[in-house]
Amino acid sequence: MDLLNALVALANFVIVPGIAYGSQLALGALGVTLIYGILRFSNFAHGDTMAFGAMSTILFTWWLQSLGVSLGPLPTALLALPVGIAATALLLLTIDKFVYKFYREQKAAPVILVIVSMGIMFVMNGLVRFIIGVDDQRFADGSRFLITAREFKEMTGLQEGLAIKSTALLTVVVAIIVVAALFWFLNRTRTGKSMRAFSDNEDLALLSGINPERVVMITWIIVAALATIAGVLYGLDKSFKPFTYFQLLLPIFAAAIVGGLGSPLGAIAGGFVIAFSEVLITYAFKKVAGYVLPAWEPDSLIQLLSTDYKFAVSFSILIIVLLFRPTGLFRGKAL
Amino acid sequence: MILTSRDLLLFALVFGLIIATGFTQSWNVALGIFNMGLISAIMALGVNMQWGYAGLFNIGVMGFVALGGLGAVVISMPPVNDAWAAGGLRVIFALLIGLATIIGAAQLWKRMPKGAPRALAIIVVLVAGFFIFRALFDPAVEAIEAINPATLGYLGGLGLPVLFSWPVGAVLAAGAAWLVGKTALGLRSDYLAIATLGISEIIIAVLKNEDWLSRGVKNVIGIPRPVPYEIDLQNSESFVERATSWGFDPVIASSITVKLAYSSLFLTVLVILLWLSQAALASPWGRMMRAIRDNEVAAEAMGKDVTARHLQIFVLGSAVCGLAGAMMTTLDGQLTPSSYQPLRFTFLVWVMVIVGGSGNNFGAVLGGFLIWYLWVMVEPFGLTLIQTITSGMTDGYWLKDHLLESAAHMRLLTMGLILLLVLRFSPRGLIPER
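Chains as they are written, first to last, in this note's numbering: chain Z, 1 to 335; chain A, 336 to 769.
Take the hints with a grain of salt, since some may be wrong.
From the structure, some residues in chain Z lie toward chain A, with a derived Cβ separation under 10 Å [said to hold, decoys possible]:
hint: 1; residue: L79
hint: 2; residue: V83
hint: 3; residue: A86
hint: 4; residue: V99
hint: 5; residue: P110
hint: 6; residue: A254
hint: 7; residue: F285
hint: 8; residue: V288
hint: 9; residue: V292
hint: 10; residue: L293
hint: 11; residue: L304
hint: 12; residue: L329
Calculated pairs, BS3-like style, for lysine-lysine (alpha carbon to alpha carbon, straight line, at most 25 Å) [what the hints assert, rightly or not]:
hint: 13; chain 1: A; residue 1: K735; chain 2: Z; residue 2: K241
hint: 14; chain 1: Z; residue 1: K241; chain 2: A; residue 2: K639
hint: 15; chain 1: Z; residue 1: K101; chain 2: Z; residue 2: K238
hint: 16; chain 1: Z; residue 1: K287; chain 2: Z; residue 2: K153
hint: 17; chain 1: A; residue 1: K543; chain 2: A; residue 2: K553
hint: 18; chain 1: A; residue 1: K594; chain 2: A; residue 2: K517
hint: 19; chain 1: Z; residue 1: K165; chain 2: Z; residue 2: K107
hint: 20; chain 1: Z; residue 1: K165; chain 2: Z; residue 2: K153
hint: 21; chain 1: Z; residue 1: K107; chain 2: Z; residue 2: K97
hint: 22; chain 1: A; residue 1: K543; chain 2: Z; residue 2: K238
hint: 23; chain 1: A; residue 1: K449; chain 2: A; residue 2: K543
hint: 24; chain 1: Z; residue 1: K241; chain 2: A; residue 2: K543
Derived from the structure by calculation, the hints contain no laboratory data. C-beta: ideal position from N, C-alpha, C; glycine also.
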């Protein structure tokens, strides 16, 4: 019984949040890795792209809410998602046309493109702050919990409760659908195959008649969709605050590099590796230990690191992977 | 000729802008911009060494600047004797244990043959070391933080004159840079970028959370000054007499005197650094650095140790950023860890270097002054602009209120646009490399 309680406590505070956070990171890292594979630079504006996508969705959600539209138990934001994606895609394509295209034609060094993306990051960050401000914004509606801690306790008779936020389940379901659709697209459709060919060997792809501008355009649209979905899911699960999206950049890049830059499968694996290590290392195990070893009464929280050091976790994993396996777990195209 | 007449004109223009602020607003504001401009110029010099000389992409400037700030606290604040008695030595002992654990694990990695026993041994050493460290560290920290937490609750510093903290800040930053460089240099350039971004976030997290060291978010205030206090000047009869005899209000005169004193200190540092950087750039060492930057493979074939040279310049550049950080904390008179924002301390310095001209020290200095001036002035300019645009709208109209409220965020947008425009139309910057 105690073991079961320990397991439930672990699930409540580690496994469920870890899965949800991992899915959000994986979606973000997929965007980074796609840009790296096709456009060949690390996009520092990705966190702010997520913020922009989430912001457009939020604005449309508010409008829908003011009209009284709702999806019942599901958040209205899902309905607004396509609009958010479209707005983000439009913005990214405009930026590509006026900014990135010039450097692509120049065949500029990747590091120049990284600096350019830094400029874009400033602009997007300013844009988001200009439009919606820097404060926390709440836009989640629909049912809050799939199952609350109290219901779970009553149902099972255990001491520990397991609360599952509906946004956590939503995150996982949406992430699975998106990832499945992305892999189907990359592996089964003609366009997807041409994208992979372009990523593997640009010259060969050009020789076989693939239109590079079209590949780039589709990449930006997919990235817009991924970033917006990741941003909205993160915002629904936690809350929307422009600055936190900027800070997500580090774990997202860590996830993409740990998995192997340029490898979509690696991005997903990396997302979960980073998310679970962050949650595990910053979780206070006192409760779990209390159930597993009732005789041992620790006076500390048995917390390896305080939650403020979660950046240190993704950073350390990143460094370890870079030192021992620089191409990442899934053999990306790095080095 | 190091500077062309065009460069001199650009410098004259930027200083003209700052002087114009003195005439239109106040000399206090203008000198404030000038002082921070001096510090920004030094930060830009540091980044320019890394990026301009060697092509290293460091986006952890914020962390090194903050470490410099910590240097100011550690050197100049008076020591808290009660806290030292309560747990000072224990904290240091615990940190040494932590260090020994890491060194021990690294030695095991080097000495033992590859295989399961080695992995096991390393894990045992790391886990055991961690628990011993925490067992020693946690109670010591608790004891220190319990000493008068409202005003102290930390170990304090050494109580030395604050000017000593400038080189110490540089050394602290150099130490952190050595650690990062040792691990991340030699990998791809993007990886160095991510690694430096990470280390800077960690440094800020440490400053925010390790109250025993830096009082965390409770801030350290009242760091001793290298220059007199305004109030002392106002109380000094001779000063008041001289100020009034020259026709100045003593209150304004005192604050301007203090700012000028800071300016002369900072200007001295900047001039020495600029002279050193120019000498280094013109020396065989500087030419080697640029050769490595332009073609690593060729430089390596000529027998240059690329990774070692990269580490060298990375440490040097970060030390300069640390120096600037210590100077800035001295100027502010306080260390506020939560004020360190990457957009302000890392990316803005990058805008300075790129706009000023990467690879040219004078360009970095110009960029430092110009971008700092814009950073300060864009907000009032933006507000005026928006007030003009919205003047036709009725008061209380939601769009007008929203626009007026958002004017403060114009800065980031403007900085981004400036960066993009310079990169596109004048990628070598205002004063290009020669």
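Taking the hints in turn, this is what the structure says about them:
1. L79: violated, 24 Å
2. V83: violated, 21 Å
3. A86: Violated - the Cβ of A86 of chain Z stays beyond 10 Å from chain A, reaching only about 23 Å at its closest.
4. V99: holds, 6 Å
5. P110: holds, 7 Å
6. A254: holds, 7 Å
7. F285: violated, 13 Å
8. V288: violated, 17 Å
9. V292: violated, 18 Å
10. L293: violated, 16 Å
11. L304: OK, holds: L304 of chain Z within 10 Å of chain A, min 8 Å.
12. L329: With a closest approach of 15 Å, the L329 of chain Z hint is violated.
13. A:K735 <-> Z:K241: holds, 23 Å
14. Z:K241 <-> A:K639: violated, 48 Å
15. Z:K101 <-> Z:K238: Roughly 36 Å separates the two Cα atoms, so the pair is violated.
16. Z:K287 <-> Z:K153: holds, 16 Å
17. A:K543 <-> A:K553: Holds - the C-alpha atoms of K553 of chain A and K543 of chain A are around 9 Å apart, at most 25 Å.
18. A:K594 <-> A:K517: violated, 40 Å
19. Z:K165 <-> Z:K107: violated, 47 Å
20. Z:K165 <-> Z:K153: Cα-Cα ~16 Å, so holds.
21. Z:K107 <-> Z:K97: At roughly 15 Å apart (the allowed maximum being 25 Å), K97 of chain Z and K107 of chain Z satisfy the hint.
22. A:K543 <-> Z:K238: holds, 23 Å
23. A:K449 <-> A:K543: violated, 39 Å
24. Z:K241 <-> A:K543: Holds - the C-alpha atoms of K543 of chain A and K241 of chain Z are around 20 Å apart, at most 25 Å.
This entry does not satisfy hints 1, 2, 3, 7, 8, 9, 10, 12, 14, 15, 18, 19 and 23, going by the numbered hints stated previously.
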